[in-house]
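Asks: Just so you know, the sequences run in chain order S and H.
If you're matching positions, the first sequence starts at 0 in numbering that gives the first Met the number 0 and goes up one per residue.
If you're matching positions, the second sequence starts at 0 in numbering that gives the first Met the number 0 and goes up one per residue.
Derived from the structure by calculation, the hints contain no laboratory data.
Don't take each hint at face value.
What the hints assert, rightly or not - Estimated spans, in silico, between C-beta atoms of each pair:
#: 1; chain 1: H; residue 1: Arg114; chain 2: S; residue 2: Ser310; range: 38 to 46 Å
#: 2; chain 1: S; residue 1: Ala128; chain 2: H; residue 2: Glu89; range: 23 to 31 Å
#: 3; chain 1: S; residue 1: Asp312; chain 2: H; residue 2: Asn36; range: 52 to 60 Å
#: 4; chain 1: H; residue 1: Asp63; chain 2: S; residue 2: Ser375; range: 45 to 53 Å
To be verified - Listed below are the simulated BS3-like cross-link pairs for lysine-lysine, each with C-alpha atoms no more than 30 Å apart in a straight line:
#: 5; chain 1: H; residue 1: Lys147; chain 2: S; residue 2: Lys369
#: 6; chain 1: S; residue 1: Lys296; chain 2: S; residue 2: Lys214
#: 7; chain 1: S; residue 1: Lys342; chain 2: H; residue 2: Lys159
#: 8; chain 1: H; residue 1: Lys189; chain 2: S; residue 2: Lys342
#: 9; chain 1: H; residue 1: Lys130; chain 2: H; residue 2: Lys25
The beta carbon of each residue, even a glycine, is placed where N, CA and C say it ideally should be.
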Amino acid sequence: MDYKAFREDALEKYASLPDETNDLYKRYFTEMRLPEIPAEAGSLKGAPLSDSGSEATEIPALKKAGINFDLVVSGSNAISTSGSIKVCEMESISDRLPGKLYRSSDNRFAAYSNANSRTAILVDHNGEAPERLNMLFIGDSDLSFQSFFNIGEKSRLSVFQMFVSTGKPTTSMPLQEFVLGKGSELELTLLSNAGSAASLLHLSKGTVAENGTLKANFVYAGAGRTKAINIFGANGTGSSIEVNEAVYGSSSQIFDINTCLTNHTERSRTRLSTGAVLTDTARCNLKGYAKIDRYAKAAFSNVSEKGILLSADARIDALPDMSIDYSDQVSATHSASTSPMDKEALFYINSRGIGEAQAREIFVSSFISKYLSGISHPNAMEISSSVMLSRIRGGACGMLPEITAKDVWYENKEKK
Amino acid sequence: MDLEIKDLAVKVNGKEVVKGVSLRIKPGELHVVMGPNGSGKTTLAKAIMGHPQLETASGDILADGKSILGLKANERAKMGIFLQFQNPVEIEGLGLLNFLNTARGAVSDEPLQYREFMNDIKSASKSLALKEELIGRSLNHGFSGGEKKKVEILQMHVLKPKIAILDEPDSGLDIDAVRVVAENVERMRKEYNMGMLVITHYSRILEYMGSTLLHVMKDGRIVREGGRELLEEIEKAGYSDA
């Protein structure tokens, strides 16, 4: 499908499915298949480790790297080996927050998730001792689930989530909610590296209380079609939100990344930095939106979207947008740029004896690394970097495509 | 390496900018090209390095008697040709140290232990009065003009070329930095018997360097050649009579 046809198709679908609320973004809409989730297949059942631990084997590459997963979700199984993570039926925790922060009225995808998710993954983290969690989601069937992260006052948590798939045409629909208490810190790194037949619908919403810090690193390398709607609010005085997004797309991958950051209070800081590299006929809509509310005195907000096109048929629509309701001592800036590879930079690298192919690789990986540099979680950095480098070198998306639930290696902490 | 430029004409976007330049640089020789802005000096330098956007209209470039016109920039670098850029590019995200190591590996087959490599870089940085913290940062990103020029010379130290073309190594440098850069360049020229072509607008840098063969370039051509006496003449009268 050429770009004109693609746009017309998108507009036609948009006309019947008016999801976008931003006038600018209405013109850059990407449809997402929303499968019907069979009651049984869509229901994750938290299984005690002792029930299924014996089925777990090893992924040599991950074991070699010394990477454990505290939560593995695959099909109808969710295996948690961490006391901080609870897997339960949505109905049993109706008094908790999942589905309440990201409301059905926000968009039809949230409504769909709230109607179809039967499983909740709860992470309650309290205490100043920092904790790291690794989570692996294997899309071997259509999957809709919700997760809720409650970070207590002055608590520090770092979470790495990796999405892979088995090559089936599945859709993974994680809806995530984050509530950060006063002075707390959460670093979330999400790596999407599902196979090209898979789709990812990523919905996340979070609020940050006074002097809290949320750092979100979204690495979109896989899935044939990705749609993300991320909504974060700096709700408390002096709170801070930093979102880094790295996108690498090839063949006919489509990305529609919509991230909205809002400064609600005084001295709040928000920053969105997105870098996308596309080749072949890949396409990407970057919709970074920042809003500064009334009374957000001395707020800071910055939206930056940069792209590199490696082929004539790839396309990036970078659409940074801002709405400022308060202007006293406010700093608000946005920028966007998209260009082909810098030929002078390539000549410079070549002039140091480095061949053309390696020079391109160096240039692109340097560009991408800017958006990964904020990751402080060692496993998240290691895997995200290696996946991106593999993609840049021409590797297909979908790391470990032969992966199955039985191949997952993890350490049984409880049995130690 | 004996580098010979024979009646070279170079086009930029279809327009001839270098119009028949001939020059021969033998091992250990120091040649200087001076001339007014827009006379084709940088284009000549880039043509020698093999810039892909430049079109060689006529003439040849010979390295030890063999034409290198068909070689790409990286192949010329491997042969031992080095270009110090007038405006070095900034590449955020590319660690300088990583880049130096990759470049060294690309031009040299000699294995070098990491510790040995690091010690060499630190020593060369100190000699160039380059802040050590810079080697841990992205290539030229946020560097001052002077720091960029010194990093170029640091790369030259790592690559140890046979022929070095320095395009305005002194522009943007303070008086002390000019001396530091010149002394380092001169030491390398002598130590490695390096042929050198320096493009400059100022005579100060040449005060710290050895005997000089000066070429004055105007409108794409070399119009005069000489030694120190020509330099003094240009200092007094400019290029109008050259």
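Asks: If a hint holds in the structure, say so; if it does not, say that too.
Replies: Do the hints match the structure? See the list:
1. H:Arg114 to S:Ser310: 38 to 46 Å: 42 Å, holds
2. S:Ala128 to H:Glu89: 23 to 31 Å: 41 Å, violated
3. S:Asp312 to H:Asn36: 52 to 60 Å: 41 Å Cβ-Cβ, so the 52 to 60 Å window is violated.
4. H:Asp63 to S:Ser375: 45 to 53 Å: 52 Å, holds
5. H:Lys147 to S:Lys369: 20 Å, holds
6. S:Lys296 to S:Lys214: 22 Å, holds
7. S:Lys342 to H:Lys159: Given that 30 Å is the threshold and the Cα spacing comes to 25 Å, the pair holds.
8. H:Lys189 to S:Lys342: Measuring from Cα to Cα gives roughly 34 Å; hence the hint is violated.
9. H:Lys130 to H:Lys25: 34 Å, violated
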